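Chains A and B, in that order, are what the protein sequence lines are. Counting from 1, position 210 in the first sequence corresponds to residue 210 in the UniProt record's numbering; the numbering is continuous, with no gaps. Counting from 1, position 173 in the second sequence corresponds to residue 173 in the UniProt record's numbering; the numbering is continuous, with no gaps.
Keep in mind the hints are simulated off the structure, nothing from the lab. All figures in this text were calculated on a predicted structure; none of them were measured in a lab. There are no misleading hints in this set.
Partial list, derived from the structure: chain A residues whose beta carbon lies under 8 angstroms from chain B:
| id | residue |
| --- | --- |
| 1 | Tyr328 |
| 2 | Pro329 |
| 3 | Met330 |
| 4 | Glu335 |
| 5 | Asp342 |
Here a beta-carbon is modelled for each residue, glycine too, at the ideal position from N, C-alpha and C.
So you can see what is in the structure, the chains are spelled out below.
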Amino acid sequence: MSWVRAILLARSLSRGWGGIFGATLTGAPISEVPPQTPQSFHCGAATHNSELSLVPGPPEPQRKPIKALSPYEDLFRQAPGVERDKASFVRTVQNFGQHNVHKRGHVDFIYLALRKMREFGVERDLAVYNLLLDVFPKEVFRPRNIFQHIFVHYPRQQECGIAVLEQMENNGVMPDKETEFLLIQIFGRKSYPMLKFLRMKLWLPRFKNINPFPVPRDLPQDPVDLAKLGLRHMEPDLSAKVTVYQMPLSKDWTGALDPTQPHIVGIQSPNQQAALARHNPARPVFVEGPFSLWLRNKCVYYHILRADLLPPEEREVEEIPEEWNLYYPMQLDLEYARSGWDDYEFDIDEVEEGPVFAMCMAGAHDQATLAKWIQGLQETNPALAQIPVVFRLARSTGELLTSSPGLEEPARPPPPEGQEEEDTLQRQQQGQS
Amino acid sequence: MSGCVLFLRAAAVTRACQPLVAFTASRRALRTSPPLRAFAKELFLGKIKKKEVFPFPEVSRDELNEINQFVGPVEKFFTEEVDSRKIDQEGKIPEETLEKLKNLGLFGMQVPEEYGGLGLSNTMYARLGEIISLDASIAVTLAAHQAIGLKGIILAGTEEQKAKYLPKLASGEHIAAFCLTESASGSDAASIRSRATLSEDKKHYVLNGSKVWITNGGAADIFTVFAKTEVANSDGSVKDKITAFIVERDFGGVTSGKPEDKLGIRGSNTCEVHFENTRVPVENVLGEVGNGFKVAVNILNSGRFSMGSAVAGMLKKLIEMTAEYACTRKQFNRNLSEFGLIQEKFALMAQKAYVMESMTYLTAGMLDQPGFPDYSIEAAMVKVFSSEAAWQCVSEALQILGGSGYMRDYPYERMLRDTRILLIFEGTNEILRMFIALTGLQHAGRVLTARINELKRGRVITIMETIGRRLRDSLGRTVDLGLTGELGLVHPSLADSASKLEENVYYFGRTVETLLLRFGKTIVEEQLVMKRVPLRPHRASQP
Numbered sequence: 001m002s003w004v005r006a007i008l009l010a011r012s013l014s015r016g017w018g019g020i021f022g023a024t025l026t027g028a029p030i031s032e033v034p035p036q037t038p039q040s041f042h043c044g045a046a047t048h049n050s051e052l053s054l055v056p057g058p059p060e061p062q063r064k065p066i067k068a069l070s071p072y073e074d075l076f077r078q079a080p081g082v083e084r085d086k087a088s089f090v091r092t093v094q095n096f097g098q099h100n101v102h103k104r105g106h107v108d109f110i111y112l113a114l115r116k117m118r119e120f121g122v123e124r125d126l127a128v129y130n131l132l133l134d135v136f137p138k139e140v141f142r143p144r145n146i147f148q149h150i151f152v153h154y155p156r157q158q159e160c161g162i163a164v165l166e167q168m169e170n171n172g173v174m175p176d177k178e179t180e181f182l183l184i185q186i187f188g189r190k191s192y193p194m195l196k197f198l199r200m201k202l203w204l205p206r207f208k209n210i211n212p213f214p215v216p217r218d219l220p221q222d223p224v225d226l227a228k229l230g231l232r233h234m235e236p237d238l239s240a241k242v243t244v245y246q247m248p249l250s251k252d253w254t255g256a257l258d259p260t261q262p263h264i265v266g267i268q269s270p271n272q273q274a275a276l277a278r279h280n281p282a283r284p285v286f287v288e289g290p291f292s293l294w295l296r297n298k299c300v301y302y303h304i305l306r307a308d309l310l311p312p313e314e315r316e317v318e319e320i321p322e323e324w325n326l327y328y329p330m331q332l333d334l335e336y337a338r339s340g341w342d343d344y345e346f347d348i349d350e351v352e353e354g355p356v357f358a359m360c361m362a363g364a365h366d367q368a369t370l371a372k373w374i375q376g377l378q379e380t381n382p383a384l385a386q387i388p389v390v391f392r393l394a395r396s397t398g399e400l401l402t403s404s405p406g407l408e409e410p411a412r413p414p415p416p417e418g419q420e421e422e423d424t425l426q427r428q429q430q431g432q433s
Numbered sequence: 001m002s003g004c005v006l007f008l009r010a011a012a013v014t015r016a017c018q019p020l021v022a023f024t025a026s027r028r029a030l031r032t033s034p035p036l037r038a039f040a041k042e043l044f045l046g047k048i049k050k051k052e053v054f055p056f057p058e059v060s061r062d063e064l065n066e067i068n069q070f071v072g073p074v075e076k077f078f079t080e081e082v083d084s085r086k087i088d089q090e091g092k093i094p095e096e097t098l099e100k101l102k103n104l105g106l107f108g109m110q111v112p113e114e115y116g117g118l119g120l121s122n123t124m125y126a127r128l129g130e131i132i133s134l135d136a137s138i139a140v141t142l143a144a145h146q147a148i149g150l151k152g153i154i155l156a157g158t159e160e161q162k163a164k165y166l167p168k169l170a171s172g173e174h175i176a177a178f179c180l181t182e183s184a185s186g187s188d189a190a191s192i193r194s195r196a197t198l199s200e201d202k203k204h205y206v207l208n209g210s211k212v213w214i215t216n217g218g219a220a221d222i223f224t225v226f227a228k229t230e231v232a233n234s235d236g237s238v239k240d241k242i243t244a245f246i247v248e249r250d251f252g253g254v255t256s257g258k259p260e261d262k263l264g265i266r267g268s269n270t271c272e273v274h275f276e277n278t279r280v281p282v283e284n285v286l287g288e289v290g291n292g293f294k295v296a297v298n299i300l301n302s303g304r305f306s307m308g309s310a311v312a313g314m315l316k317k318l319i320e321m322t323a324e325y326a327c328t329r330k331q332f333n334r335n336l337s338e339f340g341l342i343q344e345k346f347a348l349m350a351q352k353a354y355v356m357e358s359m360t361y362l363t364a365g366m367l368d369q370p371g372f373p374d375y376s377i378e379a380a381m382v383k384v385f386s387s388e389a390a391w392q393c394v395s396e397a398l399q400i401l402g403g404s405g406y407m408r409d410y411p412y413e414r415m416l417r418d419t420r421i422l423l424i425f426e427g428t429n430e431i432l433r434m435f436i437a438l439t440g441l442q443h444a445g446r447v448l449t450a451r452i453n454e455l456k457r458g459r460v461i462t463i464m465e466t467i468g469r470r471l472r473d474s475l476g477r478t479v480d481l482g483l484t485g486e487l488g489l490v491h492p493s494l495a496d497s498a499s500k501l502e503e504n505v506y507y508f509g510r511t512v513e514t515l516l517l518r519f520g521k522t523i524v525e526e527q528l529v530m531k532r533v534p535l536r537p538h539r540a541s542q543p
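Input sequences plus hints: build the corresponding full structure.
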């Protein structure tokens, strides 16, 4: 009995000591810490800050993932039932000043607040950023004499100010006069945050509309709409037609799509249609994929239907008719042309790709779904019925649009010849039936 | 080009009292090779061929009297009996007007006399065109009938075809139309879809197809139709080539759609024409089978120059009407005509009218010379300049009238709408600019090939010469092409402008050479560069 008690006592003692050891031996190898108390060590690590700092830490109700929490984490934890939104964030920030008049630890607080903004959904709100800048004490960090001007006065605070502006820039928020006034009040006119502010004022308007193919900020949640957006984003030809070959069965917002009927959305332009009609049926076309496309923070996958390039002997030379234009000669019969040094054509790669006939985005990445796509394509491209289609599907990568695990297909090696013919026969029959 | 010809014409006016140079005499001189008749083409090389334009081609006294006899009644008819406003509102030309036009013989102005036409030369045709253009719809109808409709028969027709069709066409009993444009092919001849297949008995062609925007399509009886036929090559392969046919409405299967509602020239009849299994006898092939392309090009190139004089006539009338208004209307106690900006507008109109008139008569005179000279570039230049000048000047005239110019009671808005089509039909201005640039560059390129080859190969002497010339040019040299000075052909009062002209032409030649050196035959793709080629002398010579 006493032996058990002694061990228990030893455990509780080492727990206490281990905590302090953990605090002082940051970075020390774990073997030094008594191995019997791994959990207590973690427990200690979680609370070591609160044990060391003068401010008593809050009670830890449940286990947290292993992360070093900053001291003001609790301020951002809302009471259950209170939604995390702008009002609560603003309240939290305003409450910070109430803890201590001198605003100790404001730098850490601001860094933490910047990290928390996304959870509260306020990362695009200019007023919130101004409020955050307001947390800095005013007039303290302004340099007053030439030496303070030469050396970076209060570098940590200036870095923090720059971090706030950086996050504004990353989220595309344009600072305004209030921000400028705050920065001048806090850091003075010749500080690094002010410099960054001026650069933002110059460049952000110029870069605002610089993307000729912008992706909208609010991406649609519906996978079919997202697929349509993605396909239109990829296709350069504006006259291409998007067709929804199959809609998912369940349309309610449970989030999980029915695995038996995924959505299939395809796109094809008239030029591609004509090229497919001209394609030689003796050569196969390949369904390749899935390839990933990132739209802001969402990843979608698409497949393409393509064929290989014809070897140079078989390519038909474009004939230039002699009597072509009624009004002016289309060709001058002179011997000299533009020299090599005058060639301003874009020279990215000398590699020519074979023709791509259509693209699609589907909920599932297996042959059955894509076969349905091909069937749908056959309606507008009757020539496809005669052309052998080979499925070259790669192993589907981790992130899928649909989260149901049943769709994780194993890798598909290129099917053997017999199966190919079966596929084509099947397809022809289906096409004809 | 306009500035260039402006000065040439100015020079000619001062020498109008000079006796006419006997062209025939100069032609009978001994030559080893036929004379290269190319004025505009030589401009591309930086030279002015003085023999072509100095002196200005003039008509003889007899011709002048003859034409004045024609001009009188026609002018009277147009000023008194043609109601342009009514034609525009109703969208058709009244029958009586057409009858009177037929009686005046205006339906066969260029048809030779033995077939019943007036047999006018190009100059006289241009002169009459000045008067006819008082009403745009009538002018377009007549032009579609004779300048393109029956021109094919005159240029490429056999004697039997001419004897069969021209008399009726000249008297106006039958009206002709020119059917080339389809919905999918405007300037692109290779994409014509109408087909003519030879029947089994080899006596007929069966014609199938439809043409759009055919002037006179509804009223015409004789169509010049272009369709694709299969032509066997000498090595046995079969190719599709265009052939021209004379198709009568009586052959059956010819239907015309409803007249199109247009912005301007509403009196002329424009509609679609469909050919369904029309049987065309083999004798009605114009030119040879498979030669339709060249026939089309010749027809199109030959009728262009008359637009200049038509527009000039219209502008003169316009100046008359507008001047009357400007001199009577008073604002701020002064007549409008005393204000500088208004005077500038009138000066612009007068200058443009003068230039296009002189350009047209120069081209017409050059075309009237015996032989078949190729002045297609000059004709294209006339068309481009006059259509753009017309649009600009009518706009300015409307502006002078201010609010009343905008009202339908006055003819200005009708004229504005009518002149808009000038920039589009008979070859759009962009296409013709390409044509002028490319044809000129081709001509210059052939001549300069030898030198450019040497340069490219790197012969030191040529390179040094070129560098020397460029340095001298950049330092500013005086160019003397023989227009000014002691033996100059230009009157001393115009010496200043003439020397500027010489310089411009010289530098134009240098520019052309530089372009060819840089681009060579790939200049066909550089339309933005070529657009400036016809523009440069024009801009450079404007003040």
